[in-house]
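Chain order of the listed sequences is A and B.
Residue 13 in full-length UniProt numbering sits at position 13 of the first sequence; the count goes up by one each step and never skips.
Residue 55 in full-length UniProt numbering sits at position 55 of the second sequence; the count goes up by one each step and never skips.
Calculated directly from the structure, the hints in this document are not laboratory data.
Do not rely on the hints blindly, as some may be mistaken.
[Said to hold, decoys possible] For lysine-lysine, the following DSS-like pairs were computed, each having C-alpha atoms within a straight-line distance of at most 25 Å:
| hint | chain 1 | residue 1 | chain 2 | residue 2 |
| --- | --- | --- | --- | --- |
| 1 | B | K116 | A | K26 |
| 2 | A | K4 | B | K54 |
| 3 | B | K103 | A | K4 |
| 4 | A | K4 | A | K53 |
| 5 | A | K42 | B | K54 |
| 6 | A | K26 | B | K51 |
| 7 | A | K54 | A | K4 |
| 8 | A | K26 | A | K114 |
| 9 | A | K68 | A | K26 |
| 10 | B | K98 | A | K42 |
| 11 | B | K98 | A | K4 |
| 12 | B | K51 | B | K98 |
Source: prediction; values computed, not measured.
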Amino acid sequence: MYSKDQFLSLYRGLLRCHRILQEPIKSMGDQYVRTEWRLHLKTDKKTAFIFYKKWQEYLDFMLTQHQKNDDLLNNTIDGQNNDSNALPSFGRHMTVRELEKLNDEQKGQLSKLKIESFQLFEDDADGESTIIDPDITNNKK
Amino acid sequence: MFSRAIRSAFTSYTPSMMARTSAQTTFRYYSAGGALSEGEVSERVLDVVSKYDKCVGKKVTPASTFSELGLDSLDSADVLVAIEEEFNIEIPDDEADKINSCKETISYIRRTPTAK
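With the rest of the complex left out, here is chain B (with noise of 0.2 Å):
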C-alpha cells in the first residue's frame, strides 16, 4: 500500500513536468521577440491579483500597488510566485525585491522573452 501511494504521486507528477518541458521549446521556436501583447499580460496579472484571497472584492487595476492592496512582503511574495506560476516563469530575487506594484509586475513580465 506503501508503495502505490508513492506511485500514486509519481505518477501525476511526471506529466505535468514533461509538458512543461516541450511547452518551453516550441514557445522559443515560435515567437522570438515578445509574444504576449501589454493587453493580454495586463490582464492575466490582474486576474491573478484580483484572485488573492486579501484582493477580493477590491477594485485592482494597473496602477494599484500591492501596498493600497493592503498586502505585506509575505502577501506580495505569494502574489509574485502565483504570477510566476501563471507564466510558467522564475522570477530573479533581486527582479522580485524590485516588483512593488501590478504596474512593474505587467512591465517585468513584458520583457522576458521566455514568459508565455
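The shape of chain A in the complex, shown without the other chains (with noise of 0.2 Å):
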C-alpha cells in the first residue's frame, strides 16, 4: 500500500501539471481533483490503491504530453520542424472500452461538458461564427 506522503506527493503534482493549462481550464482541473481527493479521503484500502494508480496513469499522461509539446515548439522556433500538421495536443479521445463503461446520465453529462468547453474557445475565437460538430470523435481535422 502507498504512504500517506506518497499520496501528498502525488496530489502535489497532480495540481502542479495543471499549471501549464490556460484559465479557467486549470481552474476547473484542480477543483476536479480537491474534490475527488475529499471524497476519497475515508475509503478502504483497495480503492485507495486503484485510486492512486489512476491519478498516478493520469499525472504520467500529462507529463508525457507536456514534454512532447515541449519538443514540438524548441523544433518549431529552431525552424528544424515547419510541419503545419504536428500541432500541440492537449488530452486524448476515450477508448470504446471507456465510453461502453459509461450510462446514458454520464453520457449525457459528457456530452453537455463537451458542448461547453468548446464555447470557452468560441469566445476566444476570431468572430467568425462556426457551427460545432460536438461529435468530436469524427472532427479530427
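Given two chains presented individually in distinct reference frames, assemble the corresponding complex, making use of the accompanying hints.
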C-alpha cells in the first residue's frame, strides 16, 4: 500500500501539472482534483490503491504530453520542423471500452461538458461564427 | 474548429513559459545571495495563506500553524502549491513534508535562492 506521504506527493504533482493549462481550464481541473481527493479521504484500502494508480496514470500522461509539446515547440522555433500537421495536443480521445462503461446519464453529462468546453474557445475565436460538431471523435481536422 | 481551439490553448501557454525562463536567468545574474528580505517573504506568504478559502476571515500570523488554521494535509498541500506559484519555485517532497506552519514556510523560502 502507498504511504500518506506518497499520496500527498501525488496530489501536489497533480496540481502542479495543471499549471500549463490556461484559465478557466486550470481552475476547473484543480477543483476536480480537490473534490475527488476529499471524497476519497476515508475509503477502503482496495479503492485507495486503485485511486492512486489511476491518478498516477493521469499525471504520467499529462507530463509526457507536456514534454512532447515542449519538444515540438523547440523544434518549431529552431526552424527544424515546419510541419503544420504537427500541432501540440492536449488530452486524448476516450477509448471504445471507456465509452461502453458509461451509463446514459454519464454520457449526457459528458456531452454537455463537451459543448460547454467548446463554447469557451468560441468566445476567443476571431469573430467568425461556426457551428460546432459536438462529436469531436469524427472531427479530427 | 477543433484545431483552432487547440491553437488557442497553445498560444496562451507559450509566452508564460518563456517569460518564466527569462525571469529566472535575470535572477541568477543580479541577485547572488538571498534577494528577498524577511519582511517581503513574510508578507507574501501570509497573503497567500490568508487568501486560501478555508483561511478567509481568520487571523493569519507568522506563528500560525496549518492545523491551527483548520487545514488538513490536503489543504496544506494546496497552500504549498500556491506558495510555489507565488515564488516560482518547486518545493521538493522531503521539504514539503516538513512544512507545517507559516513560519516554516517563510524560513524555507528564505533559504531558497531561486525564490523570486
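Results of checking the hints against the structure:
Distance restraint check for K116(B) and K26(A): the Cα-Cα separation of roughly 23 Å lies within the 25 Å cut-off, and the hinted pair is therefore satisfied. With a C-alpha separation of about 22 Å, the suggested pairing of K4(A) with K54(B) holds against the 25 Å cut-off. Of the pairs offered as hints, the one joining K103(B) and K4(A) holds, with about 23 Å between alpha carbons and a cut-off of 25 Å not exceeded. Of the supplied pair hints, the one linking K4(A) and K53(A) holds, its CA atoms being roughly 14 Å apart against a limit of 25 Å.
For the hint linking K42(A) to K54(B), the alpha-carbon distance of about 20 Å falls within 25 Å, and the restraint holds. At roughly 18 Å between alpha-carbon atoms, K26(A) and K51(B) fall within 25 Å of each other, so this suggested pair holds. Between the alpha carbons of K54(A) and K4(A) the distance comes to roughly 16 Å, so the proposed pair stays at or under 25 Å and holds. A C-alpha spacing of about 16 Å is found between K26(A) and K114(A), which places the hinted pair at or below 25 Å, so the restraint holds.
Under the criterion of a C-alpha separation no larger than 25 Å, the hint pairing K68(A) with K26(A) is consistent with the structure, at around 19 Å. Of the pairs offered as hints, the one joining K98(B) and K42(A) holds, with about 23 Å between alpha carbons and a cut-off of 25 Å not exceeded. For a cut-off of 25 Å, the pair hint linking K98(B) to K4(A) stands: about 13 Å separates their Cα positions. For the proposed pair K51(B) and K98(B), the alpha carbon gap of about 22 Å is at most 25 Å, so the pair holds.
Consistency note: the structure conflicts with none of the earlier hints.
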